[in-house]
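Just so you know, the protein sequences line up as chains A and B, in that order. Start counting the first sequence at 804; every next residue gets the next number (our numbering). Start counting the second sequence at 24; every next residue gets the next number (our numbering).
One or more hints might be untrue.
To be verified - Cut-off 20 Å, straight-line C-alpha distance, at most; resulting in silico cross-link-like pairs (SDA-like, lysine to any residue):
id: 1; chain 1: A; residue 1: 1001; chain 2: A; residue 2: 907
id: 2; chain 1: B; residue 1: 93; chain 2: A; residue 2: 966
id: 3; chain 1: B; residue 1: 88; chain 2: A; residue 2: 966
id: 4; chain 1: A; residue 1: 966; chain 2: A; residue 2: 840
id: 5; chain 1: A; residue 1: 966; chain 2: B; residue 2: 63
If you're looking for bench data, these hints aren't it; they were derived computationally from the structure.
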Amino acid sequence: MTVRLFQTLPSAIGSNLSFFLTEYDAGHIPALDDFVSVLDLFTFCNLLFLFNILDFRTYQDAPNASPKLRHLHDLNAIPTAERYQMALARGCCFDILHWFFTEYEITDKATNEPIDGFKEVAMEYLIHQASTILAYKRKSLKQLGKGKDESLSRICSGAALEKQINLCIQNHKEIPTIKILAIDNDNHLSLAFPDRNKYAVRKLGESRSHQRKYPL
Amino acid sequence: MRPNTTHAVFSPEDCIFEGGHFYATSTMQDTMFAIVHTFIHNFHTNTEKPSHGLLLRRIAWFYHKVLVEKQLRDDGSSLSDPTFRDRI
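The task is simple: from the sequences and hints, build the whole structure.
Listed below in structure tokens is the structure:
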């Protein structure tokens, strides 16, 4: 990326320096040259998948909606247009993940063999983060003690959070049917990928990448 | 300042501050951790009504355009599609 920066710098200075400094788009793309960079991309996708779960408005009642409609369609305080926009963004992220696995493969460093990265890394990471968020919330509510600070549980109870996570994760055609894990040891909660030194990333050759099925 | 960093603003006398936030691809993991902490503990950032949902959706659109649709020019800039961006 640095090489490209200096390759394009002279022409950019000649044309429009301010445009170059603010609009050099290639510099914003994940490098994807090591596993940490891949995790940045996967984390971004997970953030979009779980974004409405992490929005307080998800747990607030929709204005002017009957309780029956709220229950049937999970209506909440997020405007319908914004929910459609977020659904479109989630679709973009699934598309990006599928693109990634047509261009790259993830290998186990111990065996140097490729693994099913979509299921064993990307989706496992999503399930891990969703499970951790739920355990973190329960731990937070438990530490506060019942009735000591009702504002947190009133905004979002543990049951409401679990319901939203299940709505997002379970029964999604793209996500393997993996149950949300019950995390027993809540003293070591971490949203980070559990073992980032276990895997490596490798770019596929052009002939191999074309053999992969691009599902969308 | 990196994401997920606790911070506060002080001034010796009354004044008006101006600042902002941005998202960096290379610190996306910290960004997600910070958003989760904010949600779990009901913290608030010092920006009023941050439009981070809109910004993140636009980043998703940008990644999709550049990585999947390969709309990146040789000079490093990407093609814009205002119709799609309006929808997201």
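Quick rundown of the hints versus the structure:
For the proposed pair residue 1001 of chain A and residue 907 of chain A, the alpha carbon gap of about 17 Å is at most 20 Å, so the pair holds. A C-alpha spacing of about 37 Å is found between residue 93 of chain B and residue 966 of chain A, which places the hinted pair above 20 Å, so the restraint is violated. For the suggested pair residue 88 of chain B and residue 966 of chain A, the alpha carbons sit about 33 Å apart, so the restraint of at most 20 Å is broken. Pair hint residue 966 of chain A plus residue 840 of chain A does not hold up; C-alpha atoms about 32 Å apart against a cutoff of 20 Å.
Distance check on the hinted pair: residue 966 of chain A and residue 63 of chain B sit about 16 Å apart at the alpha-carbon level, within 20 Å; holds.
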